[in-house]
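Visitor: All chains, please: the whole structure from these sequences, using the hints.
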Amino acid sequence: MLRADGSRIVWRVREEDGQYRAYASNVLIGRALGDQVELLDSDLSPGDRIVLLGNENLRPGQAVHFDAPSTDL
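When we follow this note's numbering, the leftmost residue of the sequence shown carries the number 2, and every step to the right adds one.
Calculated directly from the structure, the hints in this document are not laboratory data. Please note that a few of the clues may not be correct.
Simulated DEER-style distance windows between Cβ atoms [said to hold, decoys possible]:
1) L41 / D68: 24 to 32 Å
2) A69 / L41: 23 to 31 Å
3) H66 / L34: 27 to 35 Å
4) A64 / R32: 32 to 40 Å
5) L34 / A64: 29 to 37 Å
6) E17 / Q37: 28 to 36 Å
7) S46 / G19: 19 to 27 Å
8) L41 / H66: 15 to 23 Å
9) G7 / D68: 28 to 36 Å
Here the structure is a predicted model, which means the values were calculated and not measured. Ideal placement from N, C-alpha and C gives every residue a C-beta, glycine not left out.
Guide: Okay, here's the thing in structure tokens:
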């Protein structure tokens, strides 16, 4: 999660015309414990793909590629 102007965001990946693109989604977080964070409010849905690494320089609509995880998280 990144801070942009005091808010917290995550980068959600959407498929558009066969290409994956990143878009910022606002989130409101609660408690954090280790690598787990409580989401109090967001526009994320189950199954959404979010960028966990390499998100420091993303711009809205930027094309991204990803490697599928070897196991479900």
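Visitor: Taking the numbered hints from earlier one at a time, note which ones the structure violates and give those numbers from smallest to largest.
Guide: Violated hint (a single one): 8; every other hint is consistent with the structure.
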